[in-house]
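> As a plain string of letters, each chain reads:
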Amino acid sequence: MSSFKKDKKEEEDGSCLFTGIEKTTVLQECRTFNETPVNPKKCIRIMTSILYLLNQGEQLSSTEATEAFFAMTKLFQSQDVILRRMVYLGIKELSGVADDVIIVTSSLTKDMTGKEDLYRAAAIRALCSITDATMLQAIERYMKQAIVDRNSAVSSAALVSSLHMTKMANDVVKRYVNEAQEAINSDNIMVQYHALGVLYHIRKTDKLAVNKLVAKLTKSSLRSPYAACMLIRMAAKLLEEEENGSDLPFFDFIESCLRHKSEVVIYEAAHAIVNLKCTTNSELAHAISCLQSFCNSPKATLRFAAVRTLNQVAISHLAAVKLCNMDLENLITDSNRSIATLAITTLLKTGSESSVDRLMKQIATFVSEISDEFKVVVVQAIRALSLKFPRKHSVLMTFLSMMLRDEGGLEYKASIADTIITIIEDNPDAKEIGLAHLCEFIEDCEHTSLAVRILHLLGKEGPRTKQPSKYIRFIYNRVILENPTVRAAAISAMAQFGATCPDLLENILVLLARCQMDSDDEVRDRATYYSNILSYLDPSLYNSYIIESPQVSIPSLERSLKEYCDGCTDEPFDLKSVPIAVVPTNEEVTRAQQKSEGMIMSTGPTKKVKVSREENYAQKLTLIPGIAQAGSLFRSSEVVELTESETEYVVRCIKHTFSRCIVLQFDCLNTLSDQLLENVRVQLEPSEGYKILKEIPCEKLPYNETGTTYIVLQYPENFFASVATFGAVLKFIVKDCDPDTGLPDTDEGYDDEYILEDLEINLGDQIQRVSKVNWQASWEELSENCVEMEETYSLASMSTLEEAVKNIIQFLGLQPAERSDKIPEGKTTHTLLLAGIFRGGADILVRAKLALADGVTMQLTVRSTHPDVAELVTASVG
Amino acid sequence: MGLFQKLALFLGIRKKEVNVLVIGLNNSGKSTVINHFKNDEDKASDIVPTVGFSIERFQNQNLAFTAFDMSGHGKYRDLWEHYYKDCHGIIFVVDSSDRLRLVVVKDELDILLQHPDVCNRKIPVLFFANKMDCKDALSSVKIAAGLGMDKIMDKPWHISASNALTGEGLNEGVEWLTQQIREYIVNNKF
Ligand SMILES: Nc1nc2c(ncn2[C@@H]2O[C@H](COP(=O)(O)OP(=O)(O)OP(=O)(O)O)[C@@H](O)[C@H]2O)c(=O)[nH]1
Ligand SMILES: [Mg+2]
Numbered sequence: 001m002s003s004f005k006k007d008k009k010e011e012e013d014g015s016c017l018f019t020g021i022e023k024t025t026v027l028q029e030c031r032t033f034n035e036t037p038v039n040p041k042k043c044i045r046i047m048t049s050i051l052y053l054l055n056q057g058e059q060l061s062s063t064e065a066t067e068a069f070f071a072m073t074k075l076f077q078s079q080d081v082i083l084r085r086m087v088y089l090g091i092k093e094l095s096g097v098a099d100d101v102i103i104v105t106s107s108l109t110k111d112m113t114g115k116e117d118l119y120r121a122a123a124i125r126a127l128c129s130i131t132d133a134t135m136l137q138a139i140e141r142y143m144k145q146a147i148v149d150r151n152s153a154v155s156s157a158a159l160v161s162s163l164h165m166t167k168m169a170n171d172v173v174k175r176y177v178n179e180a181q182e183a184i185n186s187d188n189i190m191v192q193y194h195a196l197g198v199l200y201h202i203r204k205t206d207k208l209a210v211n212k213l214v215a216k217l218t219k220s221s222l223r224s225p226y227a228a229c230m231l232i233r234m235a236a237k238l239l240e241e242e243e244n245g246s247d248l249p250f251f252d253f254i255e256s257c258l259r260h261k262s263e264v265v266i267y268e269a270a271h272a273i274v275n276l277k278c279t280t281n282s283e284l285a286h287a288i289s290c291l292q293s294f295c296n297s298p299k300a301t302l303r304f305a306a307v308r309t310l311n312q313v314a315i316s317h318l319a320a321v322k323l324c325n326m327d328l329e330n331l332i333t334d335s336n337r338s339i340a341t342l343a344i345t346t347l348l349k350t351g352s353e354s355s356v357d358r359l360m361k362q363i364a365t366f367v368s369e370i371s372d373e374f375k376v377v378v379v380q381a382i383r384a385l386s387l388k389f390p391r392k393h394s395v396l397m398t399f400l401s402m403m404l405r406d407e408g409g410l411e412y413k414a415s416i417a418d419t420i421i422t423i424i425e426d427n428p429d430a431k432e433i434g435l436a437h438l439c440e441f442i443e444d445c446e447h448t449s450l451a452v453r454i455l456h457l458l459g460k461e462g463p464r465t466k467q468p469s470k471y472i473r474f475i476y477n478r479v480i481l482e483n484p485t486v487r488a489a490a491i492s493a494m495a496q497f498g499a500t501c502p503d504l505l506e507n508i509l510v511l512l513a514r515c516q517m518d519s520d521d522e523v524r525d526r527a528t529y530y531s532n533i534l535s536y537l538d539p540s541l542y543n544s545y546i547i548e549s550p551q552v553s554i555p556s557l558e559r560s561l562k563e564y565c566d567g568c569t570d571e572p573f574d575l576k577s578v579p580i581a582v583v584p585t586n587e588e589v590t591r592a593q594q595k596s597e598g599m600i601m602s603t604g605p606t607k608k609v610k611v612s613r614e615e616n617y618a619q620k621l622t623l624i625p626g627i628a629q630a631g632s633l634f635r636s637s638e639v640v641e642l643t644e645s646e647t648e649y650v651v652r653c654i655k656h657t658f659s660r661c662i663v664l665q666f667d668c669l670n671t672l673s674d675q676l677l678e679n680v681r682v683q684l685e686p687s688e689g690y691k692i693l694k695e696i697p698c699e700k701l702p703y704n705e706t707g708t709t710y711i712v713l714q715y716p717e718n719f720f721a722s723v724a725t726f727g728a729v730l731k732f733i734v735k736d737c738d739p740d741t742g743l744p745d746t747d748e749g750y751d752d753e754y755i756l757e758d759l760e761i762n763l764g765d766q767i768q769r770v771s772k773v774n775w776q777a778s779w780e781e782l783s784e785n786c787v788e789m790e791e792t793y794s795l796a797s798m799s800t801l802e803e804a805v806k807n808i809i810q811f812l813g814l815q816p817a818e819r820s821d822k823i824p825e826g827k828t829t830h831t832l833l834l835a836g837i838f839r840g841g842a843d844i845l846v847r848a849k850l851a852l853a854d855g856v857t858m859q860l861t862v863r864s865t866h867p868d869v870a871e872l873v874t875a876s877v878g
Numbered sequence: 001m002g003l004f005q006k007l008a009l010f011l012g013i014r015k016k017e018v019n020v021l022v023i024g025l026n027n028s029g030k031s032t033v034i035n036h037f038k039n040d041e042d043k044a045s046d047i048v049p050t051v052g053f054s055i056e057r058f059q060n061q062n063l064a065f066t067a068f069d070m071s072g073h074g075k076y077r078d079l080w081e082h083y084y085k086d087c088h089g090i091i092f093v094v095d096s097s098d099r100l101r102l103v104v105v106k107d108e109l110d111i112l113l114q115h116p117d118v119c120n121r122k123i124p125v126l127f128f129a130n131k132m133d134c135k136d137a138l139s140s141v142k143i144a145a146g147l148g149m150d151k152i153m154d155k156p157w158h159i160s161a162s163n164a165l166t167g168e169g170l171n172e173g174v175e176w177l178t179q180q181i182r183e184y185i186v187n188n189k190f
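So the protein lines, in turn, are chains C and Z. Read in order, the letters of the first sequence correspond to residues 1 to 878 in full-length UniProt numbering. Read in order, the letters of the second sequence correspond to residues 1 to 190 in full-length UniProt numbering.
The reader is advised that the hints may include incorrect statements.
Claimed, not checked - Straight line, CA to CA, 16 Å or less: simulated EDC-like cross-link-like pairs of lysine to aspartate or glutamate: (1) Z:K85 with C:E35; (2) Z:K16 with C:E35; (3) Z:K155 with Z:E183; (4) C:K115 with Z:D42; (5) C:K110 with Z:E56; (6) C:K110 with Z:D42; (7) C:K110 with Z:D46; (8) C:K110 with Z:E41.
Since the hints were made in silico from the structure, they are not lab data.
Model the full structure from these sequences, guided by the hints.
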């Protein structure tokens, strides 16, 4: 949602000059470029058409682009300034598609160092767009000169281009640091800003260096307001990263900027302060009052910026934002609808339950006039409201369903559906109404992806309502009326009802039988599959093949199947060999949500298939010799720090568990610029039962680089010995070296070591979380052929149920099911349901009954398909 | 307008800009040769290996030359052909002290002469046996023999021994080329 709705009129007018232009004709016209002498006027017109087409999103094939590109190179003959600048633009546009673009390098370097000032800046930008990493060296000298050029346009162009080039050759650009340093003293505001950008980028991985840079610049006063804004951001970032609260000089700097003469800088400073995590009330007050005064500014941009920022922090700084309520009330009628929307939604967030109705009415008056982006803001406010005031759910739900019926894009509709789903999940009272709204919505929903999601939800929630049968009609209607994707989803949803509601089974079977005549393969396949399973009348089959979705990770399944097909074996494919999918933890989910809730931030195109962390590691680990025999990667732990931060050497460990062994990956960073480390390895004192299978040292570890060394350990045969603690020491050979070149002074090094913190292998490392849709059914299924262990504990150190739940989940590494990790307010007893798999494949289900009374008492019941595993779980809790 | 100018205009010569393509292996002295012909104020003080190509202009006997100074580096030689089509003359620079790569020069020359955009045109080719000042430089006769130039029947060609640093031999060569191009233009009614 990056672009604002375009003014329709503007769109119609803007294109008339070039309407009807066609790619093939324009490409043919490019032949004109080959004529001598060049006709500048004609060529400029053709160039404009090409650029127009490219900007309209027209795609050129690589041959077409190359042909046009080479024709364009002939235009360098002409001395016409405008034509030449068009050529630069053309080069930039085509540089990504055409082959051999490097051919214009000399022509561009000539222009960038030549006398014609109008050429120089643009030539630099074009040059950097065609240069690849191998050529960078050749233009280094020119770039350095350009950065310190007297002409500010040239200097800016060189700085910005350098910044772009860091993507492909960070190291080369690092060498421009002296020139950038000189440019930061420029009198020109843009040059100063761009120079700061480059300097920061060169250093950004080195926190200490950034610290120094900021410290130095905050003392000098930057002339450029843009540079000042950037410096504020850098300082704020450093403050944020600082573990405990505020680093005073940086905070003082930001605060001093609240008195800057430029409004941009004042806003940036206020924005930074209100977004800092730890601020005191008095620190906040000044920043908020700046924003407050902007709310009354005659400039719409300032009002917008201020109210948008207040909106973002309304929840976290409720009291402070409330002070602006008067000013926000004035903005409700602002002629700029974006400002009005933000003002109202802010008030909704800060207001009391009684003001909800009035404000909702106010929004209703103009909701049809605002663009989708702002409608999404409204929806988000409603979501927050409904969580805060559960009793208001019917007003809000009605409003949402009204919005659902309006026109709107996918993103907007999806955010409404999401909100309804959240409300349903959070508030059982709202469930039936919400489902009814959604049913009505899919009757007329043009977005396939949304319809599929809602059908899935109906399949999950519908069977557990009081009257499941009423949803069947809505779902079956989809089978009759929709496209194959939606039909397939509808079939899966119906099957859920069949599996869960015995009295509906017969009807469902009839409906599914009809679907087996469908014209689409997928739909037919699903109908056949479900009919078949349902006809067995066996609840445990339903449970594993209909209610619960497969737990394997899909990308891994794809890879395993491909490997299986490539290899020639007669053995059947073993689904157990595929790693199971990783369930994101609650924190990960909330983190992702928080990111997207900062509104109107373009999130860019959504990435396609997200490869999980495990997948990434699995690929890397295959490089370790002999690891293939260990089978597939079961689980990778979180990163464990084995050193204090800011020590000479930083060592982090990631534990990768396989079914019988564990690979310890130690990522080591050398922060000493006068040392080169060699043969870096970690020496472990394994506790009883563990056996070291292999050690892979890191051969070389230069300054500021991260190297990796591995240890492969075999798990003890006895499960009970697998939870253990090891002493660890980092061992290496030191060679002293010259900090500037990084070259060692002598060939002789000496042995040295560095004590690390103890390394633990615990229960959680050996368990993978599994999410269960119907935990109860699985629990009953396990009651027959498995071991059950029960134990009671008193968790004296816990003072609330929430705390206990959080700790248990974290300690056991299991996945909470049926939302049992949420504790209804005011309760003193609670049952937590958990599920997971132990390495090797044993299922684990855990039921923890908690009671609050002077600490927390817990009765823990563990069921597992492996007797030792159940015992291990109960034993390790003690 | 004087009679001569009228005549020149009629022949399409005076306003005529001509394109020449300057090719040859890397380090043979192409850019140095061109630099010699440029006006003093346009002259480059130090010459670096060309990457891709560079367009330079100079005057000779009332004819405005636009020279495509190509890079001779191995990986860019394939790109020469993009510029064959619309050039009026070719300057082929050979480093006469580089005996070892004379065979490479011959290969490149053969490829040039067989190229569809070149083989059917009577386009003049000027060879500079450059770096004649070097101690072990081959004579222009030896180079002509070494490159099998006697077999070029369908195109006017000429070889001059030259020293691009001092300019020796360059003017003689270019005067020949200018003459040829004039004729070429008149005959082809450009
Ligand atoms: N001794 C001597 N050196 C020459 C002569 N001509 C050129 N050079 C030198 O040869 C080197 C290469 O000259 P360039 O003009 O860059 O060669 P080029 O053919 O343009 O090379 P590329 O652009 O890489 O294809 C330079 O160091 C020149 O100074 C000459 O006649 N005699
Ligand atoms: Mg050159």
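> Hints first: check each against the structure and report whether it holds.
Structure-based check of each hint:
{"no.": "1", "hint": "Z:K85 with C:E35", "in the structure": "10 Å, holds"}
{"no.": "2", "hint": "Z:K16 with C:E35", "in the structure": "12 Å, holds"}
{"no.": "3", "hint": "Z:K155 with Z:E183", "in the structure": "13 Å, holds"}
{"no.": "4", "hint": "C:K115 with Z:D42", "in the structure": "10 Å, holds"}
{"no.": "5", "hint": "C:K110 with Z:E56", "in the structure": "10 Å, holds"}
{"no.": "6", "hint": "C:K110 with Z:D42", "in the structure": "11 Å, holds"}
{"no.": "7", "hint": "C:K110 with Z:D46", "in the structure": "12 Å, holds"}
{"no.": "8", "hint": "C:K110 with Z:E41", "in the structure": "15 Å, holds"}
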